[in-house]
Structure formats: structure tokens, C-alpha cells
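> Going line by line, the protein sequences match chains A and B.
Oh and the first sequence: position 225 is 225 in the numbering used here, straight run, nothing missing.
Oh and the second sequence: position 4 is 271 in the numbering used here, straight run, nothing missing.
Taking lysine-lysine pairs in the DSS-like style, the calculated list, with each CA pair at most 30 Å apart, reads:
no., chain 1, residue 1, chain 2, residue 2
1, B, Lys527, A, Lys72
2, B, Lys422, A, Lys155
3, A, Lys30, B, Lys321
4, A, Lys81, B, Lys486
5, A, Lys106, B, Lys527
6, A, Lys54, B, Lys297
No wet-lab data here; the hints were simulated from the structure.
Small disclaimer: the values here were computed from a predicted structure and weren't measured.
There are 2 protein chains.
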Amino acid sequence: MGFGLGSLSFIGLGLYNEKGISIYGLERAKEADEVLLEGYTNMLPGLKIASLEKLLGKKVRVVDRKYLEDGKEILSSASKKDIALLVAGDPFVATTHVDLRMRAVKQGIPVEVVNAPSIISVAPGAVGLQNYKFGRSCTITFPMPYSDVPYDTLKLNRAAGLHTLFFLDLRTEEKHFMSVGEGIRLLMVMEHRRGEGIINKDLLLIGVARAGGPEQFVKAGRAQDLLSVDFGDPPHAIIVPGRLHFMEAEALVLFAGADKELVERNL
Amino acid sequence: MGFGLGSLSFIGLGLYNEKGISIYGLERAKEADEVLLEGYTNMLPGLKIASLEKLLGKKVRVVDRKYLEDGKEILSSASKKDIALLVAGDPFVATTHVDLRMRAVKQGIPVEVVNAPSIISVAPGAVGLQNYKFGRSCTITFPMPYSDVPYDTLKLNRAAGLHTLFFLDLRTEEKHFMSVGEGIRLLMVMEHRRGEGIINKDLLLIGVARAGGPEQFVKAGRAQDLLSVDFGDPPHAIIVPGRLHFMEAEALVLFAGADKELVERNL
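Kindly generate the complete structure, drawing on both the sequences and the hints.
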């Protein structure tokens, strides 16, 4: 970024593999003195480090959560050299890098952000639901500790007729990614505890797997029926539609194999 | 897509210029028999057709809204040839192409979607606001006819402590893109009519211009103060924060030049 003073670029890789990077992002990564890849939120089902290195024409160093949370080394490097940090999805959709960016700005390190596709826009688009009809999104977390937040989020959104996008938790150390089925079961546990009638076995849900890549699989159906569907490799997400526009209902039938009668009950 | 049967690919260009396309999107566009570019929602401030054609190594045909809404010609072509349709942002965030995609699927034409950055994830990330704290988003439309929807959206989101992303209307025929200032004035008109105290001159707002490109400009401040800020060329957007996490408050100061006292009133 001029002046020989170093910089920190956050460059998104999108959702599938190294080819999700934009042309501009590729240029910036090639120009960087060092390229780091965050490993810990890495949910890119098609990413191979060797292919990424071939595309960039240089070595990539994989760094973990601890390294980025500590941040001292990367910020020290970025004060002298141009550092490119490659991240899954669109930078800053996950909150994990905001702290690093704030520290860079405070230290006077030039920061650049190169955007990429995010699950936020990709999942609704994949199934034909209108973006402006989504309410707050939320993560369904593994139940230690147990959290009611997904239940309350769904309750608020459904009262307003809005759709809800649920991210599903992951434990990278144990390579445990929550599946659509696990997410639905956890929603059912919440209903059992709260008993307010928000979730039942006939609730229309959409399971989304590997969104934004060639192995994307989406399936809309009753909560009970989706429990036995094999969505395959992670990452997965769940959408609970609110009130459907007739065009959204038709899209769910065409793009997500929904039962016509089931979606028509949600018009 | 094999079989010589044709296909229709929706390929996102992201938010700034031709370099927002992904590596995979570029490959697919190069392989296509014909490349079309939608002109009517074209809000890419840095896009030049000549540069796009140079990148692709082939001619690009600009098509308008009427052409895509009619859809007969493009679907007929896509039944015989591989057609790539380049669109601004991430495909299907705007609802304009969903109908075309549904018709393609019904006619048995293979459809591919290649994702790209969307304002949905880029604008919150640019200013350091957490994605999962956004409620429903909404467009502030030109006041013919007058619509209260933005007011009600803001009311609902703020009651839940959530942030609101407002898209701003555009009239491409007249090349009229709503500015941050016009958007704020329209919100104030709504308050004048409704009088429920949702919007006042001290309300914390964030104006976002040309999000996701090198000429991005963001500025947080009181509604009254932002009225006199020149945000420059379109496209613009407005974010109205709800309750701020302390880290979001700090981010607004560092990334969007917010007044420290002002953001602290929104904690």
C-alpha cells in the first residue's frame, strides 16, 4: 500500500473453494509479502491448500484461532510488510476478526477489506426466499451451556411473518459440525422446555448443505421428515420460513423440492 | 454443461467493478457461448464494459429490465447454448431474477448460480456491526406512492434492539439514485406524519457510500449532521443501529468516525 510501511488485507474466499476469491482479491494476495489462511472457521468444503497455493503462486501459512486472537505477531508483521489474511466467507460476517482490525487501525496499519460471498445472501438466494423478509439470524449452539436464544429469535421473527436463518455450531478441534438433523432436534428440545407452540413436527423447514458450491443440497419439508434426510458433508444451515409470498412458495417447490400443499399452508 | 443442451448461469459481479467476479465465475463466463450483462440494476460504480470484455476475452451484450422480464429470448437461447447472465451484487438478493430462474427450471434448462459479495454482508462488515444483530432490511422508496414500510420496519427492529439496513431506491431511466441525505429526509417526513418518536434529529445513523470498493466512504453521526455530509457518487445505503455492543460502539468510532459520546448513548 505504498510507503513501504506494511498493511493488513482481509480477503474473503467465499463458501466453497479457492475459486471463490474475487479477481481483485487474487491480485492483492499475489502482491502480498505473506499470505495467511485462517484455519479455525474454515468451513470451505472444497478447499485444498495445494490448489490455493498453486492459484496464488506462493506458500500459504495456516494460522489458528489462538494466533489471530493473540494478534501480536500478525500486527507486528503488518506494520512492516503487506500481509494478506484469507478468511472463509465474507470478512467480518463472523465477529472473530473485528478485534484484529480495530487493533490494526489503532496502530496506524492500513487495512483493506476484499469482499466475497457470504452465507447471509447465498442461503436465501439458493432457495428463492426474498432477502428483505428475513428477520434476525442466529446460531444454534451445542447445548453446553443450553441457550434459548434460537427459540426467542424464531418466536420474534414468526410473530412478524419473517424468515429465520440459523447458522449451526461447530467445534473445529473435534471436527464436529452440527448437522441439519441435530439442529432440528435441538429446536425440538427447546420447544419441549418452553412449550409455547413455536416448533412442531409439521413446521416447514429448509435444510441447506454446502451452500454456494457445486455440491450444494437444499431440501424443504416438515421438521419430522427432514430428520431422516442425509444432508451429507458440512457445513449445514437451517431456514425457517415465515409467511411466504406466492412466488417464494413456488420457488421452494422448484428449488428445494417442497411439497406443494405444505408450502401453501404458509402463504 | 454437457449434452449440448444449453444452460443459464447467473454470475454475480459483486459491488464495485468487473474484478468482483470470482475466479470460478470468470471461468464459467469465459466458457459460455454468450455473455449478457443486466444494465438496469447496475449500480457498480467502477464497472466499465470495455474492461469487463477485456477480462472475459469476449463481447458482452447489455440487456435491460424489459428484456429479462419478458425472458422469452434468453430462455430460448439458453435451451440451445450456454448463456451467462452477469448481475450486480450476489444473484437473487434482488428479486428480479427469481422469476427467470423459475421459468428456466420449469423448462428443464440447467441453471447454475455463481455467488458474489452482496451489500447485505458488506455494509455491516464495513462499519463493524455484527450481522446477527440486524433485523429485517427494507428499501426507502421515492415517495410516489408514499410508503410507511421503512418506518414500521425501524420501529419493529428498534423495539428488539436490532440494527436496520436501508437500501435506497433508484430510478435507472432518469439516473436518479437516492442519496443518504434524501433517505434521511424521507425518514423525517415519515416521523412527521406518524409522530411516534422513532426518528429524531439526534438519532445515530450511518451513511454508507460505494460499499465494497476502493472509494467506499462511511460516516456515522446524528441524522441532522449527516444531512450536510456529501457522500459523493452512488450507490448509497443507510444503517440505523439498535442497541450497540461495546465492541460495535468502538468499531463505529474507529471505522466510521462516530462521536464517542454519541455511540455510548446507544450501548
